[in-house]
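Model the full assembly from the supplied sequences, consistent with the hints where possible.
Line order of the protein sequences matches chains A and B.
Per our numbering: the first sequence = residues 873 to 1159.
Per our numbering: the second sequence = residues 1074 to 1392.
In short, the hints are calculated from the structure, not lab data.
Incorrect hints may appear among the rest.
With the Cβ distance kept under 8 Å, some of the chain B side facing chain A (calculated, not the full set) [what the hints assert, rightly or not]:
id, residue
1, L1129
2, G1153
3, P1160
Here a beta-carbon is modelled for each residue, glycine too, at the ideal position from N, C-alpha and C.
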Amino acid sequence: MTTARPSTKPSHPGQATCAAAETAGYFSILGERIYYVIHRPEVDARAKVLLAGPLPDERTHAHLTWIRWARLLAHRGFEVMRFDYSGTGESEGRFETATLSRWMEEVVFCLERLGGDGSKPVVIHGLRMGGLIGARAFQEGYGDAVIAWDPSISGEALMIDAARRQQAANLVQGIAGGVPGPRAIAARLEQGLPVEINGYTWTPALWGDAKSWKLFFPDPKAGRPQLRLHLGRRAAVDPTSSLETVPISWPPFWVVGHRLIHEVDSLFERSLRFIDEVAMRRAPEVS
Amino acid sequence: MREIVEIPLTGTNGSSGMSGHARAVATVHRPALSPRSTTVILLNAGHVPRNGHGGLPVNIADTLCEQGWPVVRVDLPGLGDSPGSLPERIEAFWLDLKNGAHASLAAGVSDWAKDALGKENIALGGVCGAAVTAVFTAHRYPGKVQSLLLIEPELFESEPAAEAEQPFAGSSGAAEALSAAEAFACDCKVTARLGPSWRLMRLLSRRRGKYRWLGRLQGMILRMVSTPGEIPARANLALVEAWAEVAGRGVPSLVMTAEGLLWEAYFRQSRHAVFRGREDGVLHIAVPGANHVFSNAAAKAAVLETVPAWLEGIQPEHQ
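Now the structure itself:
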């Protein structure tokens, strides 16, 4: 399915809705049909960006902002691919068979499809869990640059965080049958029993695989461009780690809040600047 | 087999700015063999994408598709993958939704589905906000919706911005609201109680206020402060009116609610006030242990068991 878009100049980055065309469909990867959308710019793409999204319950709330970002990138001359991990979103497959390692294979597959003949630099851009997976893919040599928005520091932390949200939601609604906390959930998974979290069944296999995941970026001195952004209420730079905190409206766009259109202009601008630099760095080689 | 389609629409989504021509991206679950006469359309649960909370709409669609029903899960303009503008804040979006602003778009999806999938009947619905829009669509466009699938329909006003518009008892606005409520098109006379409990329910029914932490206590309090047989304070009268007309007309509805939550309490009291035990074509299932967005295991299991059986039951002659 291809959708033509009217070209309208956004008044600011947060309002961009103007990709030249969006094509949605399915890839077959490892026996599953994976939903993808490609946002093509109206001009020859300067670079390509693969968006690797968060866990499915965060996807629910992050979706509008994530798509605004994709459309803004297309408007600025970048080709963008976004997709849903198998068993989540619009992709087929069962969540019960998912692991982070499997989802990383899907990231790699999409990177290879997006990269094509290699004539354009490819940026891996991950949000939360996507940041964790994208960083590992980058570490293993895929992509020309990586951006991570608030990446999870480990697979275990990612799942504990989701379990906490479930616990809070259950407490609010007084769900019968008790409210297991993250520790009880982890213990159950360690015993080899599945657990239902935010509508999805976590398996011991997912848990076991997640525990082997730690956030790791290559040494910046190696010269491969990378940008890790922490998202918070105020701008800051940690002098010990050089980690930048970019201000966004709060609560963040991947959890329940008051906003449909989040204030993420600083985030978009900082990230665009980085991708622009990646595209310009590669441009002389191409010519 | 799932396929992605684009649905051309004409209409408006309220104050959000979308009007005229628009496009909606949808996923069609098309059965290999389809002896059924009904297409099921699932709308966005409020502002979330068409795969919903916990993937419930996907689970419903896959289950129904396996049993021969085609299903369309659609992102209305501005939502999910569909282009379009939205208000900045969720409260403004909900005010539009609760006034039925998305009904014309949903009616357009119904037209498209009848043409594209060749089924004569449409079952329209979904979770929470989707159920609200489905009711308004069935009310305003009677030929386009033959049955309703309503999961946690939100029959009450919930956003602070609505407060200025909601009349207090004794005001001239209250009289107008009562008058509107009494002018229902069905033979069921409805009156709205806008008494002292209105202020309390205003606090309890806020989606994002601190009182939401009361959880199931909200439903208990509503039952305590309401008068049996009267529509509870802070009900969305236009929506209750629309639902009463549709149900009174005999349009079959499946209503599923999370047992004990505020949504269920409003539904039960409003239904009782409108129909007082008379036949209304509504099958109501209260699901113990379900959460509001129906994403947990208890909720999903109940939905996946109940919906196919209900569809089978309402149009057996067409199956």
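Right, here's what the structure says about each hint:
For B/L1129, the interface hint holds, the least distance from its beta-carbon to any beta-carbon of chain A being 7 Å, beneath 8 Å. Interface restraint check for B/G1153: the shortest CB-CB distance to chain A comes to about 6 Å, inside 8 Å, so the restraint holds. Nearest Cβ of chain A to the Cβ of B/P1160: about 6 Å, under the 8 Å cut. The hint holds.
In the structure shown, no violation is registered for any of the earlier numbered hints.
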